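Chemist: If you read the protein sequences in the order shown, they are chains A and B. Be aware that the first sequence starts at 7, since it is given in the working numbering, and climbs by one per residue. Be aware that the second sequence starts at 7, since it is given in the working numbering, and climbs by one per residue.
Do not rely on the hints blindly, as some may be mistaken.
The list cannot tell twin chains apart, which means a pair is met if one copy fits it or any two copies do.
Stated by the list, open to error - No farther apart than 27 Å at their CA atoms in a straight line, the calculated lysine-lysine pairs in the BS3-like style are these:
1) Lys478 / Lys357
2) Lys28 / Lys64
3) Lys105 / Lys84
4) Lys397 / Lys457
5) Lys357 / Lys316
6) Lys357 / Lys84
7) Lys264 / Lys350
8) Lys94 / Lys112
9) Lys457 / Lys478
10) Lys94 / Lys84
11) Lys350 / Lys185
For the record, the hints were derived by calculation from the structure and aren't laboratory data. If you're wondering where the values come from, they're calculated on a predicted model, not measured in any experiment.
There are 2 protein chains.
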Amino acid sequence: MQRALSVTRAQNFPDWYQAIVKEADLAEASPTRGCMIIKAWGYGIWELIQQEMDRRIKATGHDNYYFPLLIPMGFIAKEAEHVDGFAKEMAVVTHHRLKNIDGELKPDPEAELTEPMIIRPTSETIIGDAFSRWITSYRDLPVLLNQWANVMRWEMRTRLFLRTAEFLWQEGHTAHASKDEAMDETFLALELYRAFSEEWLAMPVIAGEKPAHERFPGADNTFSIEAMMQDGKALQAGTSHYLGTHFAEAQDIRFTDKDGERKLAHTTSWGTSTRMIGGVIMTHGDDDGLRTPPTIAPKQIVLIPILRDKPEDEAVIAYAKALGEALRGLTAFGLPVRAHVDLKPGKSADKRWDWVRRGAPLILEIGPRDATNGQVSFMRRDALREGDKLKSHAMARDEFVAQAPALLAEIQRAVFAEAHARLHGNIRTDITSYHDLAAYFGSDEDGGGFKGWVRAPWCRPAGAALDAVVEKLKALKLTIRNAPLDQPATFGPCLFTGQPGVEEILIARAY
Amino acid sequence: MQRALSVTRAQNFPDWYQAIVKEADLAEASPTRGCMIIKAWGYGIWELIQQEMDRRIKATGHDNYYFPLLIPMGFIAKEAEHVDGFAKEMAVVTHHRLKNIDGELKPDPEAELTEPMIIRPTSETIIGDAFSRWITSYRDLPVLLNQWANVMRWEMRTRLFLRTAEFLWQEGHTAHASKDEAMDETFLALELYRAFSEEWLAMPVIAGEKPAHERFPGADNTFSIEAMMQDGKALQAGTSHYLGTHFAEAQDIRFTDKDGERKLAHTTSWGTSTRMIGGVIMTHGDDDGLRTPPTIAPKQIVLIPILRDKPEDEAVIAYAKALGEALRGLTAFGLPVRAHVDLKPGKSADKRWDWVRRGAPLILEIGPRDATNGQVSFMRRDALREGDKLKSHAMARDEFVAQAPALLAEIQRAVFAEAHARLHGNIRTDITSYHDLAAYFGSDEDGGGFKGWVRAPWCRPAGAALDAVVEKLKALKLTIRNAPLDQPATFGPCLFTGQPGVEEILIARAY
Chain A
7 MQRALSVTRA QNFPDWYQAI VKEADLAEAS PTRGCMIIKA WGYGIWELIQ
57 QEMDRRIKAT GHDNYYFPLL IPMGFIAKEA EHVDGFAKEM AVVTHHRLKN
107 IDGELKPDPE AELTEPMIIR PTSETIIGDA FSRWITSYRD LPVLLNQWAN
157 VMRWEMRTRL FLRTAEFLWQ EGHTAHASKD EAMDETFLAL ELYRAFSEEW
207 LAMPVIAGEK PAHERFPGAD NTFSIEAMMQ DGKALQAGTS HYLGTHFAEA
257 QDIRFTDKDG ERKLAHTTSW GTSTRMIGGV IMTHGDDDGL RTPPTIAPKQ
307 IVLIPILRDK PEDEAVIAYA KALGEALRGL TAFGLPVRAH VDLKPGKSAD
357 KRWDWVRRGA PLILEIGPRD ATNGQVSFMR RDALREGDKL KSHAMARDEF
407 VAQAPALLAE IQRAVFAEAH ARLHGNIRTD ITSYHDLAAY FGSDEDGGGF
457 KGWVRAPWCR PAGAALDAVV EKLKALKLTI RNAPLDQPAT FGPCLFTGQP
507 GVEEILIARA Y
Chain B
7 MQRALSVTRA QNFPDWYQAI VKEADLAEAS PTRGCMIIKA WGYGIWELIQ
57 QEMDRRIKAT GHDNYYFPLL IPMGFIAKEA EHVDGFAKEM AVVTHHRLKN
107 IDGELKPDPE AELTEPMIIR PTSETIIGDA FSRWITSYRD LPVLLNQWAN
157 VMRWEMRTRL FLRTAEFLWQ EGHTAHASKD EAMDETFLAL ELYRAFSEEW
207 LAMPVIAGEK PAHERFPGAD NTFSIEAMMQ DGKALQAGTS HYLGTHFAEA
257 QDIRFTDKDG ERKLAHTTSW GTSTRMIGGV IMTHGDDDGL RTPPTIAPKQ
307 IVLIPILRDK PEDEAVIAYA KALGEALRGL TAFGLPVRAH VDLKPGKSAD
357 KRWDWVRRGA PLILEIGPRD ATNGQVSFMR RDALREGDKL KSHAMARDEF
407 VAQAPALLAE IQRAVFAEAH ARLHGNIRTD ITSYHDLAAY FGSDEDGGGF
457 KGWVRAPWCR PAGAALDAVV EKLKALKLTI RNAPLDQPAT FGPCLFTGQP
507 GVEEILIARA Y
C-alpha cells in the first residue's frame with residue numbers, strides 16, 4: 007500500500023520521525039550545529055500551544071515578564087548543584103566584537119569581556135536575583151511570573167523538537183512565604199500541564215514525582231508528566247520543581263514576615279517547551295504524516311478547489327471561498343474555526359497529499375459537481391483510509407457547515423481516545439522482579455519492537471543503593487520515569503531488592 | 007502641584023523618561039550589562055503590540071517561522087557591507103562549556119568552538135541561507151515570512167526600550183522574482199507599520215526613504231517611519247528595506263524563471279521592536295505617568311474597591327466584581343474589554359496612583375455609596391486633571407456599561423489627536439538655509455528646549471558632498487530622518503548648497 011510518507015513506523019521508527027518532521031513542513035536542521043529551523047506548519051502549531059498555555063497560566067494569576075538572554079557567569083556559580091547540573095552544556099559569550107585580522111574575521115582580542123556570560127540554559131539565577139531586589143516583606147509575596155523565551159543547552163546528539171541546542175519554552179518562576187504555599191504552586195503547575203496535555207494536545211500523560219537522581223539541579227522535588235509514544239518509549243513533556251530555599255539562600259531572597267522575622271522565601275519553577283511538538287508527532291502521527299489535533303491545527307479545515315483550466319473553475323473557486331467564509335464564522339474550542347482555501351498554483355492531488363502529511367483535520371476536495379449540487383466531499387484525517395483506499399464522506403453543504411464544529415470536536419476525542427487506550431493498555435503491573443524485567447525488555451535491546459512501561463513498587467533507595475539500581479536499569483536502557491501521584495494504600499515488595507516497597511514507580515525506555 | 011511621577015518633563019526630559027519606565031512598572035535595568043528586565047505592565051503592552059502586529063502581518067500573507075539564535079561567523083562575512091555595518095557590535099560565542107579550573111569557573115579551553123558563532127543582530131544571513139535551499143524555481147516565489155525573536159547588538163550607551171543590547175522584535179524576510187515585486191513588498195511593510203503605529207499605538211508618523219548614509223548595511227533602499235517625541239526629537243519606529251540582489255548574490259539565492267534562465271532573487275527585510283514602547287511612552291506620557299492607549303493597555307478599565315474593614319466591604323466587592331464581569335462581556339477594538347478588579351491588599355489611594363502611573367485608560371474607585379446607588383465614579387486617564395485637581399465623572403452603572411467601549415474609543419482618538427497636532431504643528435518649512443537652521447537649533451545646543459523638525463529641499467548629494475552635509479548637521483546634533491513619501495511637484499533650492507533641490511527631507515534631533 008502506498009503511504010504519504012517515505013518511511014513507515016514499522017520499518018524504522020526513528021527514520022519515520024525524521025521523515026514526518028521534514029515532509030509535514032514542521033522543521034529542519036540548520037547550519038547552526040544542533041539548532042533547528044521551525045517551519046510554517048510547525049511554528050503555527052507552537053503558536054496555538056502558546057496561546058492556550060498562556061491563557062491558562064494567566065488565568066491562574068501569573069504575569070508574563072522578560073529577563074535577559076545572557077547571564078553573567080558568576081550567577082551560575084552561586085547555586086552549587088545548579089552549576090554542576092548545567093555547567094557542562096552552556097554556550098559561553100567571551101567577546102563583544104569581531105575584527106578583520108589579516109583578512110580573516112575573528113573575535114577582537116581587545117573586546118574580550120571581563121566576565122564571560124552564558125546564554126541562559128534556564129533562568130532561575132537571573133530571576134532569583136530580581137526576586138532578591140523585589141521582595142522585602144511578606145506583603146510582596148507571592149511573586150507569580152512566567153517567561154516565554156529561547157534557551158540553550160549544548161547538546162551533542164540532537165533530534166528535532168526532542169533535543170536541540172536551542173529550544174523555545176515557557177518557564178514559570180514563583181516565590182512564596184512558606185513551603186506549603188510553594189508546594190501548592192508546584193502542584194498547580196503540574197496539574198495545569200497534565201490538563202493542558204490531555205485537553206489541548208490530546209496527549210494522555212501520567213503525572214508523578216521524579217526519583218532523587220532525576221531531580222532538577224538545585225530542586226528539593228521535581229515532578230513531571232510522562233507521555234507514551236507509539237514505540238512505547240516515554241517522553242517527559244513538562245516538569246515542575248519545588249526549589250526549597252536553595253536558590254533563596256544562594257541569592258539572598260529574604261522577606262520580613264508578619265512576625266517581624268527575616269525569612270528565606272521558598273521558590274518554584276516549571277517549564278514546557280517545543281519538545282511537546284515532538285510528543286504530538288509521536289503520539290498522533292501515522293504512516294501518512296501527522297494527524298494534528300484540531301485544537302492545535304493551524305488550519306483545521308482545508309478546502310482544495312479542483313481546477314481544470316476550464317470556464318467552470320470560476321464557479322468552483324467562488325463556491326470554495328463562500329464555504330470557507332461560512333466556516334470561519336463558526337466557533338470551535340472557543341475560537342473562530344480556522345478554514346483555509348488553498349488557491350496556490352499546483353495540482354490538487356499534490357495539495358491533497360501535502361495537507362494529509364501536515365495533518366489538517368478535515369480536507370475537502372471541491373469539484374464542479376459539488377458546486378452545482380451544493381454538496382461537499384471530505385476526508386477525516388484521523389480516519390483517512392478504509393483498507394487501502396482513502397475514505398471520502400459526502401454531505402450536503404449546509405449540513406457540513408452545521409456539523410463542522412462537532413466534527414472537529416469528534417476528531418479531537420477520537421485521537422485522544424486512541425492515545426489513551428495505548429497508554430493505559432500498555433503499562434504492565436505483573437512484573438515483580440528485576441529478572442522478569444530483564445526478560446521482558448532484554449529480549450529486544452535495540453528498541454525495535456514495541457515495549458510499554460512497567461509499573462512496580464520499590465523501596466526508594468538512596469545513595470549507593472540507588473546508584474546500583476540506576477546502573478542495573480541502564481544495562482537494559484531503562485530509566486525510572488516517575489512515581490505517579492496516584493498511589494495505592496499498600497505496596498508489594500521492591501522490584502529490585504525484595505524489601506518492602508514504599509511507592510510505585512514507572513519504568514520505561516525514554517526520549 | 008503634586009504629580010504622580012518623581013520628575014516632570016519640564017524639569018528634565020531624560021530623567022522623566024527614566025522615572026516613568028521605573029514607576030509605571032514597565033522595565034528595569036538588569037545585572038546583565040545593557041539588557042533590560044521587562045516587567046508585567048511593559049510586557050503586557052508588548053504582548054498587545056505583538057498580537058495586532060502579528061494579525062496584520064499574517065493578513066498580508068506572511069507565515070511565521072523560527073530561525074536559530076546563533077549564526078556561524080562565516081555567514082556574517084558573506085555580505086561585505088553587512089559585516090562592516092554589524093561586526094562592531096556582536097556578542098561572540100567561543101566556547102560551549104564552563105569548567106572549574108583551580109576553584110574558578112572558566113570557559114573550558116577544551117571546549118573552544120572551531121568556528122565562533124555570533125548571537126543574531128538580525129537574521130538576513132541565516133534566513134538567506136535557507137532561501138538558497140528552498141528556492142529553485144519561479145514557482146517557489148514569493149517566499150513571505152516573518153520571525154518574532156530576540157536579537158542582540160552590543161550597544162555601549164543604553165536606554166531602556168530605546169537602545170538596549172538585547173531587544174525583542176519581529177523581522178520580515180521575503181524573496182521575489184523581480185525588483186518590482188520586491189519594491190511592492192517593501193512598501194507594503196512600510197504602510198503596514200505606518201497604519202499600525204497610527205491606528206494601534208495612536209502614534210502619528212511620517213513615512214519616507216532614508217538617505218544613502220543611513221541605509222541598512224547591504225540594502226539598496228531603506229524606508230522608515232518617524233515619530234515626534236514630546237521633546238521634539240524624532241524616533242525611528244520601524245524600517246523596511248529593499249535589499250536588491252546583494253544577499254541573493256552573497257548567498258546564492260537563485261531560481262529558474264519561466265523563460266528557463268537562472269536568475270537572482272530580490273529580497274526584502276523589515277522590522278519593528280520593543281523600541282516602539284519607548285515611542286509610546288514619549289508620545290503619550292505625562293507628569294503623572296503613562297497614558298496607555300486603550301488598544302494596548304493590558305487593563306483598560308481598573309476597578310478599585312474602597313474598603314474600610316467594615317461589614318459593607320462585602321457589598322462593595324460584590325458590586326465591583328459584577329461590574330467587572332459585565333464589562334469583560336463587552337467588545338472594544340474587536341476584542342473583549344480588559345476590565346480588572348484590583349483586590350490586592352493595600353490602600354485604595356496607593357492603588358489609584360499605581361494605575362494612574364501605569365496609565366490604565368479608565369480608573370474607577372468604588373465605595374459603599376456607589377454600590378448602594380448603582381452608580382460609578384471614574385477618571386479618564388487621558389484627561390486626568392482639571393486645574394490641579396483630579397477630575398472625577400459620575401455616571402449611572404448601567405449607563406457606564408453601555409458607554410464603556412465608546413469611552414475607550416474616545417480616549418484612543420483623543421491621545422492620537424493630541425500627538426497628531428504636535429507632530430504636524432511642529433514641522434517648520436520656512437527654514438531655507440543652513441544659516442537659519444543653525445540659528446534655530448544652535449540657540450539651544452544641549453537640547454533642553456522644545457525644537458520640532460525642519461522640512462526642506464536638498465539636492466541629494468553623494469560621496470564627499472554628502473559627508474560634508476552630514477558633518478555640518480552633526481555639529482548641530484542633527485540628522486536627516488527621511489525624505490517623506492509625499493513630495494511636492496517642484497522644489498526650492500537645496501538648504502545646504504543653494505543648488506536646485508530634488509526632494510524634501512526631514513531634519514531633526516533624534517533618539
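Chemist: Kindly indicate which numbered hints from before are broken by the structure, ordering the numbers from low to high.
Modeler: Hints 1, 4, 6 are the ones this structure does not satisfy, whereas the remaining hints hold.
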